[in-house]
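Asks: Sequence:
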Amino acid sequence: MIRHLWTAACAFAIVLATVGPALAQEKSGAGQEKSLEPAARVPTIPLRIQVVISRYEGEKKLSSMPYMLSVNAGRNASLRMGISVAVPSTSYTPIAAGGAGVNPITSYQYREIGTNIDCATAVLDDGRFRLEMSIEDSSVEDPARSSATDRPSFRSFRSTNSLVLKDGQTAQFTTAVDKVTGYVTKADVTLTVVK
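Each residue of the sequence shown is one higher than the one before, counting from 1 in the numbering used here.
What the hints contain is simulated information worked out from the structure, not anything from laboratory work. On a predicted model such as this, the values are computed, not experimentally measured, just so you know. Check before you lean on any hint, since a few could be wrong.
[To be verified] Pairs of lysine to any residue residues, derived as SDA-like cross-links and limited to a Cα-Cα distance of at most 25 Å, are as follows:
(1) Lys186 x Ser70
(2) Lys61 x Ser138
(3) Lys195 x Leu79
(4) Lys60 x Gly114
(5) Lys186 x Leu163
(6) Lys61 x Val180
Could you put together the complete structure from these sequences and hints?
Replies: Written out as structure tokens, the structure reads:
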């Protein structure tokens with residue numbers, strides 16, 4: 001009886017020694033196959049965001065400037081466009097130690113004029129997108145409208161806001177009135193999903 005138990009135990013040990021490594025290899029192979037499968041990816045959604053900055057005098061449209069940004073949903077985009085404008089500054093120094101006259105010396109400082117747009121996007125449910133936007137626009141005032149015609153005047157407009165838009169939807173970002181000229185500045189934003 002003991003001999004039969006001993007024989008059965010030895011046979012069982014031989015079977016384990018033979019089958020065990022094969023099972024372990026099969027399990028590790030299955031794990032490797034799973035790791036080679038591509039992971040589920042979130043689809044990239046390309047967006048086109050148009051910003052139109054318009055200026056009005058009453059009901060009359062004076063200007064309309066469109067700007068377009070392309071960005072993938074969930075990413076950020078920015079636009080910088082402008083020019084450096086020379087602003088003269090004149091100082092006077094005596095011509096001689098006696099001070100009979102003065103000598104004008106003109107120097108220039110430069111001021112950046114243009115448009116800066118920053119936009120951060122996020123995907124919401126039901127095909128909606130959230131836009132966190134900042135718009136800054138500056139320009140040189142028309143001398144005919146400025147009280148100081150011998151010196152340049154600068155107009156500036158800056159706004160930060162959050163919008164929720166669907167494909168093809170347009171919303172008014174902001175509206176503001178210039179206290180000096182009475183001009184009304186409007187910014188409209190349109191979101192389009194690029195197909």
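Asks: Taking the earlier hints as the rules, which of them does this structure contradict?
Replies: none
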